[in-house]
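Just so you know, the sequences run in chain order A and B. In terms of the numbering used here, the first sequence opens at residue 351 and continues consecutively. In terms of the numbering used here, the second sequence opens at residue 1346 and continues consecutively.
Worth double-checking, as some hints may not be accurate.
Under the rule of at most 25 Å between Cα atoms (straight-line distance), these lysine to any residue pairs were calculated in the SDA-like manner [to be verified]:
(1) A:Lys355 / B:Glu1492
(2) B:Lys1357 / A:Ala357
(3) A:Lys355 / B:Pro1462
(4) A:Lys578 / B:Glu1386
(5) A:Lys355 / B:Lys1463
(6) B:Lys1463 / A:Lys541
(7) B:Lys1414 / A:Phe368
(8) A:Lys487 / A:Ala429
(9) B:Lys1414 / A:Glu405
(10) A:Lys541 / A:Arg619
(11) B:Lys1414 / A:Ala575
(12) B:Lys1414 / A:Arg413
(13) A:Lys541 / A:Pro519
(14) A:Lys541 / B:Glu1492
(15) B:Lys1463 / A:Ala429
(16) B:Lys1463 / B:Cys1443
(17) A:Lys487 / A:Lys541
(18) B:Lys1414 / A:Arg619
(19) A:Lys355 / B:Ile1361
(20) B:Lys1414 / A:Glu406
Source of the hints: derived by calculation from the structure; they are not laboratory data. Quick caveat: nothing in here was measured; it's all calculated off a predicted structure.
Okay, here's what each chain looks like letter by letter:
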Amino acid sequence: MNCFKIAGPRTIAEALAFAAEAGDNAIYISGGTDWLVNGAKKVAGGLLIDLTQVEELTYIEERADHLVMGAGVTFSRIATNPLVWEKARCLAQAAAQIGSTQIRNRATIGGNVANAAPAADGVPPLMALDAEVLAIKGEIRRWVPMGEAVSDLCGGLMPGTLFAAFRVPLLLNSVSAFVKLGSRSTVSVAKLNLAARIQTTEDGRSRNVRLAMGAAAANAFRVTAVEKLWEGRSCEEALAEELAGGLVTQVDRLLAGRASLPYKREAIRGLAYDLVLDIGRAVEDGGRGNGRKA
Amino acid sequence: MLLEFVVNGEAKAVPIEPDEKLLTVLRNKLGLTGAKEGCGEGECGACTVIMDGQAVNSCLVLAYQARGKEIITIEGVSQDGQLDELQRSFVHNGAVQCGYCTPGMIMSAKALLLRNPKPTDAEIRTAISGNLCRCTGYVNIIRAVREVAENLGEGSI
């Protein structure tokens, strides 16, 4: 490993003070499960700011019309929190499938987003849920839409930024789901992942559809062309087949010439079915708020 | 810097470097060699220890992050020279072959039973899904954990 200094703030204010002092040489880590594998070289000679003991980053609450959680919440907590299952079902489903029990006990939602891995399982659910992240740098605090945050992270535009919290708007009559495919059933990096959120009309049709895909490009993104196919439809096999076709078109475009294309264009079809049928079941269960526990 | 934490019930103060991992401190500075470095990246679970009641990969925890924490390693589960129930059950059920994964496997099972004394088979499988065993095929491991759970009164582990 490399030589660096380390700081352990107990509050967000202390963390920001450490970052201000170190300037461009500071890097935040949370659980560190990704960072310890391949990130250590990025802080050579600098200051590592360990956020794991900042209690202000570890809440999950319903506030007015949002579900809000600190960026330091672990995936174990997300995967076992009834409020998240009720209000942001796809995020709880993703959390339950990330890594192993040991990794979920350490890895956090903030770290998962900040690490900006193309296959990060936490990102498509947050995008599908229209979530925003509270980004703090120096005196500037602002809620950034997930799409913007992810593309800025991939472009290296958010150095020294502290992610403090995520908020998910709560919508009536809405449900969401997450599905992924990896090389084994657990402890598996996604080869593809999908998350969707819909609102339902009184006659069971979908509206206000959000669909996000990960592991097919440098970062997860909303698949707006396929969202349009979903609008006004009920969640049945006929819709799954149509969405599968739309997603294959996306995969063909993104992965042209890649060795993984033949596999992924078949895989995405299966995921489309899993996603639509899971959301269909959740709708039948009478999903309210942002979905209910499966 | 000095890492102050509790290991197997004893308060410790150990000089550490900023880039040191919890696993290397346990093994090289405290002589607790039960936890193993298999893969070094959280895939195999051979380094599993319990930190504040939760199973963690000690290869993916910076030693500094363990400040103020309570750690239990495989060396801490036996009491008064007697094997823990889980250890006895692993032996009795033939759940140990080469033994490399065993300390991590037992710590994952221990963390599960501390939190959930009556787990289902699915919960046992989830709890050890981050622990690779290349000898036993897992059947006897799951049987060993189940047997302890069946014999436990709630909260007695």
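Point to revise | Unmet hints by their number, sorted upward, for this structure | key: Hints 1, 3, 4, 5, 6, 8, 11, 12, 13, 14, 16, 17 and 18 not satisfied by this model.
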